[in-house]
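A.B. asks: Chains A and B, in that order, are what the protein sequence lines are. Quick note, the working numbering runs 1037 ahead of the 1-based positions in the first sequence. Quick note, the working numbering runs 17 ahead of the 1-based positions in the second sequence.
Since the hints were derived computationally from the structure, they do not count as laboratory data. Just so we're clear, the structure is a prediction, and the values are computed from it rather than from any experiment. Idealized CB from N, CA, C, for every residue including glycine.
Footprint (simulated), chain B over chain A, 3 or more residues, beta carbon under 8 Å:
1) 1038 to 1050
2) 1224 to 1231
3) 1294 to 1302
4) 1305 to 1311
Here are the chains, one letter per residue:
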Amino acid sequence: MKNFCYFAPQDLTKVHNLLTKYSGKSSLMAGGTDLMVLIKSKQAIPQYVIDLKRVGLSYIKPMEKGLVIGATTTLHEIESSPLIRERCPVLAATCSEMASYSIRNLGTVGGNLCNASPSADTAPPLIVLGAKVRICDPKGERIIPLEDFFTGPRKTVLRPSEVLTEIEIPNLPSMGKAVYLKSKRNDGMDLALVGVAACLVVDSSRKVCQEAKIALGAVAPTPVRALTAESILRGKVLSDNLIEEAGIKAKETVRPISDVRSSAENRMALVEVLVRDALRQIRTAAL
Amino acid sequence: MKELDLTFESHPIYSVIGQSIPKLDAMAKVTGQAKYTADLKLPGMLYAKVLRSPFPHARIVNIDTSVAERMIGIKAVICHKNVPRVAYNSYYREPIDEERLPADEYIFDEKVRYVGDKVAAVAATSLDIAEEALERIKVEYEILPFVLDPFEAMKPEAPRIHEVENNVVREVEWHVGDVEEGFADADYIFENRYTTQMQQHVPLEPHAYIAEYDINGKLHIISTTQGTFNVRVLLGKILNMPLNKIRVTRPHIGGGFGGKNDLFDEILCALLAMKAKRPVRLVNTREEEFSSTRVRHSHTIDLKYGVKKDGTLLAREMKAILNTGAYAAAGGKVTLTTGHRWIMLYRTPNVHYVGKCVYCNVPIAAAMRGFGTPQQTFATESMIDEIAEKLHIDPVEIRLKNHRRLGDFDPISKITLGSVGIPECLNKGAGAMNWAEKRKVKKTGGRYLKGVGVALGTHNTGVKPFVNELSSAFVKVNEDGSVNVLTGVIDLGQGIDTVLAQIVAEVLGVSVEDVTVVNPGDTDTTPYDMGTHSSRQTYLGGMAVKMAAEEAKSQLLNEAAKRLEARVEDLEIRHREIFVKGSRSISLADVAVGLIHGQITHQVMGRGSFSPVTNAPPFEVHFAEVEVDTETGAVRVTKFVAAHDLGKAINPLICEGQVQGGVHMGIGYTFWEGIQIDAKTGQYLNLNLTDYKVTSPVDMPPVDVILVESDEPTGPYGAKGLGEPAMVPTAPAIANAIYDAIGIRFRQLPITRERILEAIRRQKMKQ
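Next up, chain A with everything else stripped away, as it sits in the complex:
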């Protein structure tokens, strides 16, 4: 591992100053569970590492019509937060399925998003929930939908001077339900071969799906929406046939890669099954 200079600034202004001063030579670090692996394997060789953990971005707060989570909130804090468990159970469940206990104690939601791995577990559920991210630079801030945040593997819209500070999650509509399912090589800790998040608004009296969002992880350079599958669900009764069709549509619209973890064919097969399973689970919970 190459040595680097480590900073732990205590406010965002100092973070921005350091980012400006060491532009192109520095890496931001939250939990470090991705960055340190990259540094050790020399895939990243920053001269300066700027730790965000003391900036004060670790919090979970209710806001009007939703929740806000600070970027350096750990995965364990999220999975064990009563507020998240009550208002956003899908996110608590997602985080509890990630990595190991010790890694969840370090790894953060902001880090998981900014690392921008195609298989990042927190991305698909946050996308289907309509989450937005707050991004700050020295001149101000912008808020964008998380869906527009990713541009490629390990690539995001973040400019070198920018820091992701918060994730805002709107409340689900009263009849909304969301799930995240992930396929792994074993039952222990593993990266998602395929991750499927679905969020439906179901009119339980008529069994009709009013609104549908499906996001898929690990099947494209970024998390992607399964738009065709969503569109065939809207306004329809959630029958077995419809659910099967949605699974097939989702499969048909993805072009995953083959790698050491899985072949593309396997990923496609799993997309179909997981979409189907996710929709069935929501139907069971809703009706």
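Based on the hints, put chain B in the right spot on chain A.
C.D. replies: Relative to the frame of chain A, chain B by itself:
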């Protein structure tokens, strides 16, 4: 936590043997107090790194270390230009190995033969400097064609990795009876090919070494080795040093599984320390553990079985091709055991085995828990299941019908079996699995399907009769009656130190707390031991300390007889007290102190040297129950029963731990472990624990451990081996259970979820 289910019956006459005593070093280990090699730091110590080949096969045209040598903080740089050129085999143990094991390795060679092969090494004042120095060593390679597959490697046009024909390291062939006659008489012939993958040991503790070379010319090596004396003898040969000038010690060891048997980079560490005149420490990264230590041979096994209608085996034929990697190491011996254990397990009049061990440009395959047996057991126990199904015979029944019996003669090793607990393992295991009921359940469709499977296995206790072997010990009694044991037996974490203490305590009539097995093991102070491998240490080390303790005991009893005015044969020791049977007594401490500080002084010390005359094969049966999600391919082991004939459980708690660990490793072997190699480039794809999956705690089913005590007549208190057998039949038991669940036969390991799902898709397309 499950209550221990120990179905053995404890022997009423023993006080310590058969007791479930927790490992004596457990507290030190769980609190972090126990020190391992990588924890140790000597004054002035340097940090070493090894430059490793990025190519699967290349000639080193030029190597320029001058820039690295000039770096501040660099104290020594070595490469093929400045080290002795001595050929050796890293598995060498004894003079006869000169003939048996090809000496095809050098400290550094002018050729590299696999990705991860050693090219140069540096020692620096910090690890960072050492790493940077590696980047500044300029190596000019002439890239050579490479071969990854043993079938390709045997073709005449294949690149030659060493100067041997067709890259074949060794061929082993055995005939018993006449297989062709057997096949002619058979009612049915079965033929199939099975393949297994390149598993790695993945010990929690990576290989680590410290070398110190002092002003008197004494070399001290601290190593994570499974065999201190093996390291010493090889260093002596390579460095041309007398053995008394080399001291090899080992502190606590965090798992070996066969992967720490050989001489590794101790030699590089030694040369760096000699050159730098300072102690040097080298610790492997996890990536180096995968690429540059040892792996399990990947086998391709062609089987042909001839059977009668009633399931009697008439003829068996195995043709095994072993990928042994870039250097021979123990590959030839694995080729031998692959065939031998297979021939031994079942009665069959006609058998033919051909095994070929082949060089390829991949990591070196050598010893790993089971030494060829898990590979062939996956093949052959899957085959037995296929035969049983075709003949409509219960899988337990067909094994009961054909297995070797007590007193049977093994045609290859020429030994007579002195203890065989196979029927008890099969019957008790079947009972615990509720086998008969579960087999009857019809698989009626649906998404989640369950099935049960069984497999039988054997292996060895030590290496006799193919190799002569020795374990030895000194037992000395202190002036208060407590005892120190000096032995070269190495505890790898499995708990042998505790077992040896129990044996010594039993003999001397003291408690386990009164016995210290001296740790760290030290070639300067302990007598010779061949190392901890081959499931040999309870049997060999146990017998050595028993003999030593008995000699010490006779010295104590002779003195006590004088003091008590009694005959030696009327004396017994219990609870640190020597009794004249049924009457007066004297304390062990009084006798010991009297001997050490009396008028005529004498150190109470016993010596034990045990070289067995036979082998005592252990036997084991695993039963697995699985549930398969037919939509995702996700498979789970829902229940597991492991019944082991281990002769005698000296410490049932530790035995259960061994079996649990073996099943854990066996589950990984079945489902996900294996180094993946890119066929186009020869590069490894998963040298990390993200993508080389090992079994995680949540993947472990509850394991019912059944210990069957068949009382081996040649073992200490009836004991024989257990460590390796613990994972031998796991994979075929699970593969057979998967077949029972979904009707698909997997003949290739690992049986990943992806392969299951793909097979289910193909099955559906056929329907």
